[in-house]
Amino acid sequence: MTASPAKKLVKMANQIAIFFDTQPGDPATGIAHHINEFWEPRMREGLLDSSATTTEGLSPSVVKALAHIRRATQPA
Amino acid sequence: MKDFILPPKDDRDMGTPASRSLNMITLKIDGFDVTVPEGTSVMRASAEAGIQVPKLCATDSLEAFGSCRLCVVEIEGRRGTPASCTTPVSEGMVVQTQSSKVRKIRKGVMELYISDHPLDCLTCSANGDCELQDMAGAVGLRDVRYEAVDTHFQPRQNGEANPNYIPKDDSNPYFTYDPAKCIVCSRCVRACEEVQGTFALTITGSGFDSRVSAGAAGDDFMSSDCVSCGACVQACPTATLQEKSVIALGTPERSVITTCAYCGVGCSFKAELNGDQLVRMVPYKHGKANRGHSCVKGRFAYGYASHTDRIVNPMIRDRIEDPWREVSWEEALGFTATRLRAIQAKHGKHSIGGITSSRCTNEETYLVQKMIRAVFGNNNTDTCARVCHSPTGYGLRTTFGTSAGTQDFDSVEHTDVVIVIGANPTDAHPVFASRLKKRLRRGAKLIVIDPRRIDLVKSAHVAAAHHLPLRPGTNVAVLTSIAHVIVTEGLADEDFIRTRCDWSEFADYAEFASDPRHAPEATEMLTGVPAAELRAAARLFATGGNGSIYYGLGVTEHSQGSTTVMAIANLAMMTGNLGRPGVGVNPLRGQNNVQGACDMGSFPHELPGYRHVSDDATRAVFEQLWGVTIDAEPGLRIPNMLDAAVEGTFKGLYVQGEDILQSDPDTHHVAAGLAAMECVIVQDLFLNETANYAHVFLPGSTFLEKDGTFTNAERRINRVRRVMAPRNGLADWEVTQALANAMGAHWAYTHPAQIMDEIAATTPSFAGVSYEMLEEKGSVQWPCNEAAPEGTPIMHVDGFVRGRGRFITTEYVATEERTGPRFPLLLTTGRILSQYNVGAQTRRTDNAAWHPEDVLEIHPHDAELRGVKQDDWVRLASRAGETSLRAHLTDRVSPGVVYTTFHHPVTQANVITTDHSDWATNCPEYKVTAVQVALSNGPSEWQRDYAEHAERSRRILPAAE
Ligand code: SF4
Ligand code: SF4
Ligand code: SF4
Ligand code: FES
Chain A
1 MTASPAKKLV KMANQIAIFF DTQPGDPATG IAHHINEFWE PRMREGLLDS
51 SATTTEGLSP SVVKALAHIR RATQPA
Chain B
1001 MKDFILPPKD DRDMGTPASR SLNMITLKID GFDVTVPEGT SVMRASAEAG
1051 IQVPKLCATD SLEAFGSCRL CVVEIEGRRG TPASCTTPVS EGMVVQTQSS
1101 KVRKIRKGVM ELYISDHPLD CLTCSANGDC ELQDMAGAVG LRDVRYEAVD
1151 THFQPRQNGE ANPNYIPKDD SNPYFTYDPA KCIVCSRCVR ACEEVQGTFA
1201 LTITGSGFDS RVSAGAAGDD FMSSDCVSCG ACVQACPTAT LQEKSVIALG
1251 TPERSVITTC AYCGVGCSFK AELNGDQLVR MVPYKHGKAN RGHSCVKGRF
1301 AYGYASHTDR IVNPMIRDRI EDPWREVSWE EALGFTATRL RAIQAKHGKH
1351 SIGGITSSRC TNEETYLVQK MIRAVFGNNN TDTCARVCHS PTGYGLRTTF
1401 GTSAGTQDFD SVEHTDVVIV IGANPTDAHP VFASRLKKRL RRGAKLIVID
1451 PRRIDLVKSA HVAAAHHLPL RPGTNVAVLT SIAHVIVTEG LADEDFIRTR
1501 CDWSEFADYA EFASDPRHAP EATEMLTGVP AAELRAAARL FATGGNGSIY
1551 YGLGVTEHSQ GSTTVMAIAN LAMMTGNLGR PGVGVNPLRG QNNVQGACDM
1601 GSFPHELPGY RHVSDDATRA VFEQLWGVTI DAEPGLRIPN MLDAAVEGTF
1651 KGLYVQGEDI LQSDPDTHHV AAGLAAMECV IVQDLFLNET ANYAHVFLPG
1701 STFLEKDGTF TNAERRINRV RRVMAPRNGL ADWEVTQALA NAMGAHWAYT
1751 HPAQIMDEIA ATTPSFAGVS YEMLEEKGSV QWPCNEAAPE GTPIMHVDGF
1801 VRGRGRFITT EYVATEERTG PRFPLLLTTG RILSQYNVGA QTRRTDNAAW
1851 HPEDVLEIHP HDAELRGVKQ DDWVRLASRA GETSLRAHLT DRVSPGVVYT
1901 TFHHPVTQAN VITTDHSDWA TNCPEYKVTA VQVALSNGPS EWQRDYAEHA
1951 ERSRRILPAA E
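If you read the sequences in order, they're chains A and B. Residue numbering for the first sequence follows our numbering, starting at 1 and increasing by one per position. Residue numbering for the second sequence follows our numbering, starting at 1001 and increasing by one per position.
No lab work stands behind these hints: they were computed from the structure. Every residue gets a Cβ at the ideal spot worked out from N, C-alpha and C, and that includes glycine. Incorrect hints may have been included.
[To be verified] Calculated lysine to aspartate or glutamate pairs in the DMTMM-like style (CA-CA distance at most 25 angstroms, straight line):
(1) A:K64 <-> B:E1194
(2) A:K8 <-> B:E1882
(3) A:K11 <-> B:D1276
(4) A:K64 <-> A:D21
(5) A:K7 <-> B:E1882
(6) A:K7 <-> B:E1647
(7) A:K11 <-> B:E1633
(8) A:K64 <-> B:D1276
(9) A:K8 <-> B:E1678
(10) A:K7 <-> B:E1633
(11) B:K1244 <-> B:D1276
[Unchecked claim] Sample of chain B residues with no beta-carbon within 10 angstroms of chain A, all distances over it, derived:
(12) Q1098
(13) H1461
(14) D1495
(15) T1629
(16) R1637
(17) S1770
[Stated by the list, open to error] Derived, one-sided and incomplete: chain A residues facing chain B with beta-carbon distance under 8 angstroms:
(18) K8
(19) T22
(20) G25
Working from the sequences, and respecting the hints, build out all of it.
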């Protein structure tokens, strides 16, 4: 029952969104900050790459957060 | 408040417990002035003055009992000869401990005892370690004037079987009970009650007929409620209750103080030896976590260190299908270094990583993460805390500012209401449980929030005021409902919140929690917790005095693990229960050094001291010292490493002292990840399950064989001291250093003390820690630095580490793991007393006597529906996989819930668990899996395949001549 890598990242991102969606303030900022802080670059790349093709299945807040997620090459 | 402690090396038995009074009393004993706290016994006061009054039934771990009459003294102005153990001191008292009158009484008492005692001292196992012997000497007993007609020790009398003779009880694997030598002082009975809290022993009969008896009539120690903690053995003044190891090996002649390597309580022990032969482990009475107590694991289950399964030579193989080849350290390390560098050359710097061990020392963990960051050149380091307490780190850092519990264990002595949630202390943290039960027997109230009716809910002389038997996975809903009751009934501590927390954040939270959808009546259907019971529990916690919360893996190992930790923090803040003794948020850590492994920078995003890798100033500290550049990006966590391995971008893994194949969820996925790697290095005591997929096996050393420190659940840094040479030749830190050097580093540590100095120099919360200071103080709780030179028993005293305490909204979100027609039951997992985690150590000791296999607890109703009877083999299946084990019918679990442990590899309970995990930390959701149970006729196909595969992959080639 192991999901494909891209699906797994989508699921993880959505789970994070579920939390920040319930918090006061802008969820997208919280989500992006959390992902930048805890996700290894290849995971962030994986999410950004797969979402460049399609954002299907991604929670709306994650879609909004995408712009704030750092590419591996970008300095912190 | 400074605690009153004897000089640390003083192990004398003071006869009765210390008094905590601050009122001092002065009296005269044998002409000397003595000043002691009010409430001290005359016996203890004498001991303080260096005068040992003879005694048999008294010992300083127990309340005085006054039955033997050996300790009598004369007191001016008082009639008769009072027992000094039961007589409290008073101002101006004048005591004579050695008058001819009391000497005569004492001799008479000893004569009586000795006349009914076998005089085989020379061959007795307690020879040299027997208080009866000592007292005979102390009172100057030279002859026994009468011969007893009836005795308890002669098997035959007047040619006939002696009805008073009871043969030895050998049923416990670790100690014997020889009634022939018993003097019926009842120290054992009282130790079982007062210290351990199990009440397994009683004195039956009276007068000459009184005997110590375990359990009910017909029971022996093994069949009684005895949990083999050993407190009675330690309390027994004679050879009646005696360790079998002492009987076999003789009385020890030297001792070394060290720390238990099993659970997060971190008990201090005296390892007692003859030469380098370990004879027994005795809990150290000045150990601040355990105060002289221990459990069966720490005291008795050390036999694995010398088990024949232990691998002591390095081994390598090209492919995991090959048999192992024993090689020299040099060859093994050269092979490893070449492979890892080749992988990096081909797949990039980030294609390898490592896992630190919560069983190893702080110094060892620090070195492993240093090797990964400085020598591997990436941040791909993680630790098994990922799978247990990572949400604690995230949750408590977010709310309070520190990734650790707030109290010391002594704090429990001051608590009035305790919430235990998602923890089973009597099994997983036994010594803490004993201390908690002691407080409960003295009147504190208990609230248990757990799907199972754990032992604490109802046991001898302890009962929970409320048990909230929630459905697995609904922690957040229950805790938010408790907050709802507190807020809507006006029970919140507004003063505390206004002065210590952010009021507007609280206001937001209060508004959120007040919503009717969080009312217990509204959540009852979902959580299964009766609303009235929940309301009563909430009121009790908010109004019952000092409230403390203790929690375990039943909180963290959920998809909402981090949220639950924050809900707990909210509850403590809104009731003002932080910053003083008796309160606080207390994670009960699983393994001995989980706290330390986290502190030491094992996580991929954090350098030691919980500082993010993207922080330039922190990196600069380490870069300067290490002479390398540190990656500013977070590395991979364990589950991410395995995902990346399956994808083909992660190829090499160094695993120190962990068995991720057995301990991590979704075994199939872990196995696939490991199988996809080109170089897996396992460093451990035994060929563990992960080693089935390894190319290199580096033998590890036990805690008895090395120096270092462990940090327990109360942030206490305890010394681990080497008591014997490593059987594998090297301590684990030496192995890591050798590997780093084989890969081009130039490390030259010669003692772990130097590693601690490096930790202190780089990590502010450890700045004041050194081996010299630990030698002097015994132990210290971090933060320990200029601001807190004595360490920090209780955190957030004058304010939160982060400034103001932060309330976080805790919306309940159902896990994706749901029951349905195919998988209608919820499985939750846990552990039991005698076994430890994956069981690699405890299974290799006589502890196996208590838990030979994992069983499935199922409610009789669910069992009946499926035609399952007690002890039947059942098939346990989830969406992830299936396994088989035996059923145990019990109403400890509610209908709809089943429960098992994961101590045995044949069960492979994690074949069942899924890859769901905590949203913030990826901590796996062990505690909720939807399953189905059906009758089966033995082990599953996977289990048979697995056993076969394991056997094949463990082959070792005979050494070449
Ligand atoms: S070993 Fe512990 S539980 Fe067992 S009888 Fe002795 S004190 Fe009680
Ligand atoms: S077994 Fe030992 S401690 Fe217990 S009553 Fe007998 S002599 Fe005393
Ligand atoms: S396992 Fe835990 S409670 Fe038992 S002796 Fe060791 S540290 Fe103490
Ligand atoms: S030691 Fe005081 S009565 Fe036994």
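Going down the list of hints, with the structure as the test:
1. A:K64 <-> B:E1194: With a Cα-Cα distance of about 60 angstroms, the restraint between K64 (chain A) and E1194 (chain B) is violated, given a limit of 25 angstroms.
2. A:K8 <-> B:E1882: Holds. K8 (chain A) to E1882 (chain B) sits at ~22 angstroms (cutoff 25 angstroms).
3. A:K11 <-> B:D1276: Violated: K11 (chain A) and D1276 (chain B) sit about 54 angstroms apart, past 25 angstroms.
4. A:K64 <-> A:D21: The given pair, whose Cα atoms are some 12 angstroms apart, holds under the 25 angstroms limit.
5. A:K7 <-> B:E1882: holds, 24 angstroms
6. A:K7 <-> B:E1647: holds, 13 angstroms
7. A:K11 <-> B:E1633: Cα-Cα ~22 angstroms, so holds.
8. A:K64 <-> B:D1276: Answer violated: K64 (chain A) to D1276 (chain B) is near 65 angstroms, above 25 angstroms.
9. A:K8 <-> B:E1678: holds, 24 angstroms
10. A:K7 <-> B:E1633: holds, 23 angstroms
11. B:K1244 <-> B:D1276: holds, 18 angstroms
12. Q1098: holds, 71 angstroms
13. H1461: holds, 42 angstroms
14. D1495: Per Cβ check, D1495 (chain B) is outside 10 angstroms of chain A; nearest 24 angstroms; holds.
15. T1629: Per Cβ check, T1629 (chain B) is outside 10 angstroms of chain A; nearest 14 angstroms; holds.
16. R1637: Non-interface label fails for R1637 (chain B): nearest chain A Cβ at 8 angstroms, not farther than 10 angstroms.
17. S1770: S1770 (chain B) is indeed farther than 10 angstroms from all Cβ atoms of chain A, at 33 angstroms.
18. K8: holds, 6 angstroms
19. T22: It holds, given that the least Cβ distance between T22 (chain A) and chain B is near 4 angstroms, below 8 angstroms.
20. G25: violated, 10 angstroms
Checked against the numbered hints listed earlier, the structure breaks hints 1, 3, 8, 16 and 20; every other hint is satisfied.
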